[in-house]
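Protein chains: 2
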Amino acid sequence: MNRKELIGNIKKKKSFLCVGLDPEIKKIPRHLLEKEDPIFEFNKCIISATIDYAVAYKPNIAFYESMGIPGWISLQKTINYLEPYRSEVFIIADAKRGDIGNSSAQYARTYFDKKVSGFDFNAVTVAPYMGEDSVSPFLEHHNKWVILLALTSNKGALDFQFLNISNSDGKRLFEKVLEISSKWGTAENMMYVVGATQAEMLKEIRKIVPDHFLLVPGVGAQGGSLQQVADYGMNHDCGLLVNASRSILYASAENDFAVKAREEAKKLKDEMEIYLRKYSVI
Amino acid sequence: MNRKELIGNIKKKKSFLCVGLDPEIKKIPRHLLEKEDPIFEFNKCIISATIDYAVAYKPNIAFYESMGIPGWISLQKTINYLEPYRSEVFIIADAKRGDIGNSSAQYARTYFDKKVSGFDFNAVTVAPYMGEDSVSPFLEHHNKWVILLALTSNKGALDFQFLNISNSDGKRLFEKVLEISSKWGTAENMMYVVGATQAEMLKEIRKIVPDHFLLVPGVGAQGGSLQQVADYGMNHDCGLLVNASRSILYASAENDFAVKAREEAKKLKDEMEIYLRKYSVI
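Each protein sequence line maps, in turn, to chains G and E.
Residue numbers for the first sequence follow numbering that gives the first Met the number 0, so the first one is 0 and each next one is one higher.
Residue numbers for the second sequence follow numbering that gives the first Met the number 0, so the first one is 0 and each next one is one higher.
One should not assume that every hint holds.
One copy or two, it doesn't matter: identical chains are merged, so the pair holds either way.
Below 27 angstroms or equal to it, Euclidean Cα-Cα: the simulated DSSO-like pairs (lysine-lysine) are [stated by the list, open to error]:
| no. | residue 1 | residue 2 |
| --- | --- | --- |
| 1 | K143 | K154 |
| 2 | K26 | K114 |
| 3 | K26 | K113 |
| 4 | K265 | K277 |
| 5 | K170 | K182 |
| 6 | K76 | K113 |
| 7 | K76 | K114 |
| 8 | K265 | K3 |
| 9 | K113 | K25 |
| 10 | K170 | K154 |
| 11 | K265 | K10 |
| 12 | K114 | K25 |
| 13 | K25 | K143 |
| 14 | K34 | K114 |
| 15 | K12 | K76 |
| 16 | K25 | K154 |
| 17 | K143 | K10 |
| 18 | K26 | K43 |
The set of hints was computed from the structure by calculation and includes no laboratory data.
Taking the hints into account, I'd like the entire structure generated from these sequences.
Laid out in structure tokens, this is it:
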């Protein structure tokens, strides 16, 4: 999916909601445990319940990988289930990968080259620490995206991301990451992760990357404010994908979990529509 | 495996060699392609050929993950094959993972909790960008190790790792990573990745982390010098694991690949023995 198509879907669905698919066997409704593949059943119900309101899905690879081979099978089935919806949803592998060039090339094949691994994601999240040659192998894949970590939503973001860099007009590490890495690709094949818990920083970030899409986790369970994210971060193309995981997935732990997930997704979409109108995207 | 046992193995084998298991289907000898699982067959031959000279093995997860589910099966069989040697070799998942706390906890289970994922590595490589809570879930596993990226062996290391940090007596980012993260664990459960292509930096690094083990990739195919690594980086417990991958794995592409791999490993071990004696570790 290219940038134009993504923006088209946002306008059509009046939403910039990304649903995080981070299923935990201990948290999913009990009645699903009788199924052959409870994780896939859960994802299937969540996708069906939210597809009208979501423009993106983001499986967090950690949750699948930790189940061993059965986890990868559940992930594969989930992506296959999304196949008929490929023109309307952007699919992100939240993998936070990154290694020296020839290893990053392997990770890129994992997530982008269906012939090799069975997967065909639109984007993968990548860690910046190892620099350009750890990121560029992902950018070599046509019509695929890197979503680079800039400013994350966790407490540990304070450890290194806010360190002041010498001789840079007071720039902090996350700002140098944005400044330097934005030259590796374009707004057509790179996005950035910016945590919603750091919403006030979006104003500074927009000075460095006015056009790039930002993937914003941390709304909902992690406490970020959707209104602040829109006020500080939205650009004329929207430029935002806001992720919600736990608040949608676990809106209810009972038989009505899919209905409640749909209600939660609709609530977010309705609020998003207000901001899309406020900033004249639609 | 604890630190004392690791040092014991280094002294016994007179080696600090780590063999990187990064098999590529295009590079392994043709005759193995007839086997049911060529990747596992290749690893089995490499392990048998090098076990006398290696104190550690390091599968690079990128290479397995990119083959999809068959790749994970080859990796599982490889680790199972190492089972009888567990007391004499340290096994590292070179995965470069790292995410917010609850996701890192999932990655830690993947590599450390056999009951959950089938894997039981001794250590996993972790990226530092997301800070303490992205690393600490790995440290909660008893007798397991985090190997944190500090200074990597690739060209992209120059992009961020060498940025000067304000108000830090001229420290660069990789030095701040060492300084700050060394308080998260101890020399009993943390190591650092320091590329051999940056050997002269080992002197500075030893001022910050005199006792920690360093995992040093980049000797051989990437051009780093083993002598420099030992001269600048060795401490009284050795404190080094030097990795070689391609120079051993692909010493020959013919039927004699295992013999040639053994010769290459022995050559490195013989050189390592000289440095272990020079610095009175043995």
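Going through the hints against the structure:
With identical chains, the CA atoms of K143 and K154 are at most 27 angstroms apart between copies only, with a shortest distance of 24 angstroms across copies and 30 angstroms within one. Taking the closest pair of Cα atoms, K26 and K114 come within 27 angstroms of each other only across two copies (19 angstroms); inside a single copy the shortest separation is 34 angstroms, beyond that limit. In this assembly of identical chains, K26 and K113 lie within 27 angstroms of each other by CA distance solely across copies; the values are 21 angstroms between and 31 angstroms within a copy. In this homomeric assembly, K265 and K277 come within 27 angstroms of each other (Cα to Cα) only inside a single copy, at 18 angstroms, whereas the closest approach across copies is 69 angstroms.
In this assembly of identical chains, K170 and K182 lie within 27 angstroms of each other by CA distance both inside one copy and across copies; the values are 17 angstroms within and 26 angstroms between. For a Cα distance limit of 27 angstroms, the shortest separation of K76 from K113 qualifies both inside one copy, at 13 angstroms, and across copies, at 24 angstroms. Taking the shortest Cα distances, K76 and K114 sit within 27 angstroms of each other both inside one copy (16 angstroms) and across copies (23 angstroms). In this assembly of identical chains, K265 and K3 lie within 27 angstroms of each other by CA distance solely inside one copy; the values are 24 angstroms within and 57 angstroms between copies.
In this assembly of identical chains, K113 and K25 lie within 27 angstroms of each other by CA distance solely across copies; the values are 18 angstroms between and 31 angstroms within a copy. Proximity of K170 to K154 under the C-alpha cut-off of 27 angstroms is found in both arrangements, the shortest distances being 20 angstroms within a copy and 23 angstroms between copies. Taking the shortest Cα distances, K265 and K10 sit within 27 angstroms of each other inside one copy (15 angstroms), while across copies they are farther apart (63 angstroms). Taking the shortest alpha-carbon separations for K114 and K25, only the inter-copy value of 15 angstroms comes in at or below 27 angstroms, while the best intra-copy value is 33 angstroms.
Taking the shortest Cα distances, K25 and K143 sit within 27 angstroms of each other only across copies (25 angstroms), while inside one copy they are farther apart (33 angstroms). Taking the closest pair of Cα atoms, K34 and K114 come within 27 angstroms of each other only across two copies (21 angstroms); inside a single copy the shortest separation is 29 angstroms, beyond that limit. Proximity of K12 to K76 under the C-alpha cut-off of 27 angstroms is restricted to the intra-copy arrangement: shortest distance 25 angstroms within a copy versus 46 angstroms between copies. With identical chains, the CA atoms of K25 and K154 are at most 27 angstroms apart within one copy only, with a shortest distance of 25 angstroms there and 43 angstroms across copies.
Only within a single protomer do K143 and K10 lie at most 27 angstroms apart by alpha-carbon distance; the minimum there is 21 angstroms, versus 49 angstroms between protomers. With identical chains, the CA atoms of K26 and K43 are at most 27 angstroms apart within one copy only, with a shortest distance of 16 angstroms there and 39 angstroms across copies.
Going down the numbered hints, you'll see the structure goes against none, and every one checks out.
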